[in-house]
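Sequence order for the protein chains is A and B. By our numbering, the letter at position 68 of the first sequence is numbered 68, and the numbering carries on one by one without gaps. By our numbering, the letter at position 40 of the second sequence is numbered 40, and the numbering carries on one by one without gaps.
Hints were generated in silico from the structure; no laboratory data involved. Misleading hints may appear alongside valid ones.
[Said to hold, decoys possible] Residues of chain B clear of chain A, computed beta-carbon distances all greater than 10 angstroms:
no., residue
1, Thr31
2, Gly72
3, Asp86
[What the hints assert, rightly or not] FRET-style restraints, in silico, Cβ to Cβ:
no., chain 1, residue 1, chain 2, residue 2, range
4, B, Leu70, A, Ile18, 44 to 50 angstroms
5, A, Tyr71, B, Tyr10, 35 to 41 angstroms
6, A, Pro14, B, Ala2, 37 to 43 angstroms
[Said to hold, decoys possible] Examples of chain A residues toward chain B, derived with CB under 7 angstroms:
no., residue
7, Gly9
8, Ser20
9, Tyr39
10, Ser43
11, Leu88
12, Lys98
13, Ala103
14, Gly104
15, Ala108
16, Val109
From the three backbone atoms N, C-alpha and C, an ideal C-beta is built for every residue, glycine too.
Below are the chains, spelled out letter by letter.
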Amino acid sequence: QKEVEQNSGPLSVPEGAIASLNCTYSDRGSQSFFWYRQYSGKSPELIMSIYSNGDKEDGRFTAQLNKASQYVSLLIRDSQPSDSATYLCAVNRGGYNKLIFGAGTRLAVHP
Amino acid sequence: EAGVAQSPRYKIIEKRQSVAFWCNPISGHATLYWYQQILGQGPKLLIQFQNNGVVDDSQLPKDRFSAERLKGVDSTLKIQPAKLEDSAVYLCASSPRTSGDQETQYFGPGTRLLVL
Chain A
1 QKEVEQNSGP LSVPEGAIAS LNCTYSDRGS QSFFWYRQYS GKSPELIMSI YSNGDKEDGR
61 FTAQLNKASQ YVSLLIRDSQ PSDSATYLCA VNRGGYNKLI FGAGTRLAVH P
Chain B
1 EAGVAQSPRY KIIEKRQSVA FWCNPISGHA TLYWYQQILG QGPKLLIQFQ NNGVVDDSQL
61 PKDRFSAERL KGVDSTLKIQ PAKLEDSAVY LCASSPRTSG DQETQYFGPG TRLLVL
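All chains should be built: construct the whole structure from the sequences, respecting the hints.
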């Protein structure tokens, strides 16, 4: 079992729709969770971080965390073609800020 | 504020050759990370420095990879000898501190390595 699992996609959504990206993790001791966006040929950039159970909203992005289910998700409202990228889920198990990344979900937003 | 700098951006070598990558973190950042990202996979941590000390190198193939962080600022990652499976993007990242688990890591542009 991988430590951080994501559906590789591609997830295809029409422009203006809600994109839902999911991630599960295996270590119950994980403390903090991050979503990074990576455009093709570019480096990852932080989109959202979440540390407590529940929802966290930032503009069109909402991160959701359920530690009991070991599940974290990212919702993108009003999806735009510019959101087309790979979204990486990363989990910090605490201590020395070591991130474990999933393989990423490729999102394609079509006009 | 300048971001994380890396060089070279691209490198093509033949197997069994050696190669070195350079990283300059964001000014004042204590922690520096080297990741390997193989096509289609997420980044995998190779080594983590706090200032000039190694915090975690558990996934660094020490028979061929080495890294150092000079004076707690710049860092170099070396591969000697390279294998075909080392073809990947090598990402450097930095964060302000090591303690705590809510530190954002800022990534550099990466070095794309192709081993022929």
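Open item on the list: Let me make sure I understand: some of the numbered hints might not hold for this structure. Which ones are they, in numerical order?
Closed with: The structure breaks hints 1, 7, 8, 9, 15, 16; every other hint is satisfied.
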